[in-house]
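A.B. asks: Required output: the full structure, derived from the provided sequences and hints.
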Amino acid sequence: MDVPPNPPPEPSGPHPPAGPPPEQPPHRGAAFGRAPAARAAPPRLAGLVSRLPAGPWRSPLRGPWLTSVFGLVLLVGIPVLFVTGLLSYAAYNPNLSPINDKTPGKGLLGFYLFAWPTRPYWLYRVDQGVHVTLGIVLVPVLLAKLWSVVPKLFALPPVRSPAHALDRLSLLLLVGGGLFEFVTGALNVQLDYVFPGSFYPLHFYGAWVFFGAVAAHVALRLPRTVRALRSRDFRAELRTSTSRTVPEPADDSGLVSTHPARPTMSRRGALGMVGLGSVALFVVTAGQSIGGPLRRTALLAPHGRDPGSGPNGFPINKTAALAHIRAQDVGEGWRLVVHGDGNGRRVSLTLADVRALAQHGSALPIACVEGWSTDNQHWEGVRLADLAALVGHHADPPGVFVESAQLSGSFRAVALRANQVRDARSLLALRVNGAELSHDHGYPARVIVPDAPGVMNTKWVHRLTFGATTFGADT
Amino acid sequence: MNDRPPHARTPSSRTPTPGSRDTRSPRTRSPAARFRVVYGASPAHLLVLLASFAVCGYAAARLLQRDWFDVAKWVVGAALLHDLVLVPLYAVADWVLHRALRTPGPGPSAPPAPHKPSGATEDPPARDRTALRIAAVHHIRVPVFLSLLLLLVYWPLISRVRTHYAQATGLDPGVFLGRWVLITAGLLGASALLFAVRWWRMTRRPGRKGLTDR
Chain U
1 MDVPPNPPPE PSGPHPPAGP PPEQPPHRGA AFGRAPAARA APPRLAGLVS
51 RLPAGPWRSP LRGPWLTSVF GLVLLVGIPV LFVTGLLSYA AYNPNLSPIN
101 DKTPGKGLLG FYLFAWPTRP YWLYRVDQGV HVTLGIVLVP VLLAKLWSVV
151 PKLFALPPVR SPAHALDRLS LLLLVGGGLF EFVTGALNVQ LDYVFPGSFY
201 PLHFYGAWVF FGAVAAHVAL RLPRTVRALR SRDFRAELRT STSRTVPEPA
251 DDSGLVSTHP ARPTMSRRGA LGMVGLGSVA LFVVTAGQSI GGPLRRTALL
301 APHGRDPGSG PNGFPINKTA ALAHIRAQDV GEGWRLVVHG DGNGRRVSLT
351 LADVRALAQH GSALPIACVE GWSTDNQHWE GVRLADLAAL VGHHADPPGV
401 FVESAQLSGS FRAVALRANQ VRDARSLLAL RVNGAELSHD HGYPARVIVP
451 DAPGVMNTKW VHRLTFGATT FGADT
Chain E
1 MNDRPPHART PSSRTPTPGS RDTRSPRTRS PAARFRVVYG ASPAHLLVLL
51 ASFAVCGYAA ARLLQRDWFD VAKWVVGAAL LHDLVLVPLY AVADWVLHRA
101 LRTPGPGPSA PPAPHKPSGA TEDPPARDRT ALRIAAVHHI RVPVFLSLLL
151 LLVYWPLISR VRTHYAQATG LDPGVFLGRW VLITAGLLGA SALLFAVRWW
201 RMTRRPGRKG LTDR
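Protein chains in written order, with full-length UniProt numbering: chain U, 1 to 475; chain E, 1 to 214.
Just so you know, the hints here were simulated from the structure itself, not pulled from any lab data. Fair warning: this is a prediction, and the values are worked out from it, not measured in the lab. This list has only true hints and no planted wrong ones.
A few chain E positions that, by computed beta-carbon distances, are all more than 12 Å from chain U:
id	residue
1	S30
2	A192
3	L193
4	V197
5	T203
Lysine-lysine pairs mimicking DSS-like chemistry, simulated, CA-CA at most 30 Å apart:
id	chain 1	residue 1	chain 2	residue 2
6	U	K102	E	K73
7	U	K106	E	K73
8	U	K152	E	K73
Even glycine gets a Cβ: it sits at the ideal position worked out from N, Cα and C.
C.D. replies: Have a look at this one:
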């Protein structure tokens with residue numbers, strides 16, 4: 001391991017030629033990206049091509065190996081983003097009710113959907129924390145990967161064969177789809193809804209476009225990537241200083257500069273700089289998902305601090321003002337109406353009535369689709385299963401349709417599944433951390449269900465319809 | 001799923017005679033080879049891409065259902081903005097930095113040799129000056145890169161453009177610009193301090209006092 005497989009020339013040795021001649025015997029990695037058209041080019045044409053100005057791409061670091069290292073990181077990271085994203089989508093139970101479903105036209109893309117579980121209770125918190133934090137941390141790797149292949153965008157001729165044309169179309173979907181996913185994700189977690197339309201269909205369908213392009217890219221490029229990674233010893237590369245850094249051997253990948261500048265940075269330095277970028281983003285972001293004392297370290301993340309102190313001083317994502325909750329909606333006149341759909345049972349309860357029911361506690365976090373989450377909060381209230389019993393569902397209660405006093409806007413109502421209602425930790429909470437709910441946390445009553453995305457824990461609840469999945473049943 | 005062209009399967013055994021496979025007459029070529037001549041890659045390549053386009057197309061049809069023009073603008077625009085604006089912008093910024101510090105970096109005056117062995121031809125003070133200038137480039141471009149990366153990712157919060165953040169969270173959105181400025185100042189300051197330490201250590205190296213007397 002002490003000797004790199006491609007040792008740079010000895011300092012006392014002769015200078016290597018400016019650009020290795022085209023007739024140089026193929027290197028171990030030389031088969032990388034060999035294009036059939038280039039292979040078939042007659043020698044005279046090849047000589048002409050080599051004399052053409054080679055463009056502005058002079059970095060001596062560009063080459064199959066460096067691109068493959070960035071590609072390998074993304075090869076691990078992007079599937080994690082994809083799977084955590086699909087899980088997060090399933091957590092909304094979109095198949096349960098059209099009210100939950102922000103992508104009604106999904107068709108086959110919802111093939112994998114399943115009843116979202118309620119345990120382990122931290123599943124959604126971890127899933128979405130990983131999704132958002134990893135996505136942000138991978139931004140510099142994505143940019144570095146694109147930087148490393150940018151000469152290929154301007155390669156001439158633009159289209160060499162039908163295969164090349166399809167390849168470039170696929171790359172447009174890959175780069176456009178990838179950037180679209182990262183941009184919409186970064187905008188949404190910062191609550192900057194400038195993208196055209198609702199976030200859910202854009203990010204969900206965009207993810208499948210991106211995934212389709214990634215799958216083809218991996219299938220077509222993985223053998224090259226493996227060869228390129230094997231062409232240099234990673235650990236030896238990490239020991240190579242700037243002065244000993246030489247370009248990767250010339251090949252037909254289109255990545256290695258034909259007239260490289262003198263290196264001002266080693267590959268170790270380039271990898272370190274990108275890694276440092278990821279570390280910096282992690283440091284200013286992860287605290288909003290980890291919570292506790294580390295929340296304050298998330299200096300640039302949207303939920304890097306608590307909105308206040310005391311029992312209700314944990315993060316909010318929809319204030320009473322934003323939801324246009326009026327005083328009369330949640331004041332003296334507030335009633336909780338509980339329906340047993342289909343059986344005609346209906347109960348109307350005052351706040352005092354609800355307080356008089358058996359109170360239970362559960363320690364659960366709020367975890368948002370935007371990646372931030374709170375530590376476990378100690379909720380107290382009435383079990384959803386007990387409320388179902390009030391309207392005749394004594395054993396095996398069905399799901400429930402929850403409506404908020406909020407009059408308009410997304411997620412003012414949601415459908416919960418039977419497994420969510422039956423979990424003993426699922427509450428209509430009246431208190432948190434020993435105090436009454438604040439207005440912004442849903443006073444007088446809110447739902448809290450283990451593992452449900454934050455927006456499905458409806459605030460300012462005023463109607464529960466057991467057995468229903470949409471508006472208007474049994475009212 | 002493996003699209004390695006046949007010639008790449010045994011790279012070590014292949015002698016450098018590109019095009020030798022094409023010297024056979026079209027008649028003796030297999031159907032796969034004839035397909036390759038017309039299409040430009042193996043049939044597997046086409047199959048993989050068609051399968052991929054099926055998935056992408058199915059999702060894209062749904063993605064473009066509403067406001068298809070706006071969404072297409074965002075997808076294509078993101079790629080174009082990155083390739084035609086962002087990349088040239090930071091490439092030029094880096095080039096300007098090298099020119100300003102007169103390093104033998106990616107400027108047009110750089111020698112064509114990809115590797116110039118150190119110590120062979122240059123005198124030690126000149127070599128040290130070059131090393132110091134390259135170090136100066138790093139001590140500027142690393143903190144600036146980190147700062148701009150944070151700005152890029154958290155632009156909506158830092159710039160406070162069109163965000164309903166305050167209304168939704170009950171938090172003050174005004175803190176992010178100040179925090180970013182402080183982080184940037186901290187990064188630049190720490191980098192400058194490290195550079196000063198490096199400079200000091202280089203000038204104090206025994207027998208090397210040539211660094212500062214230029």
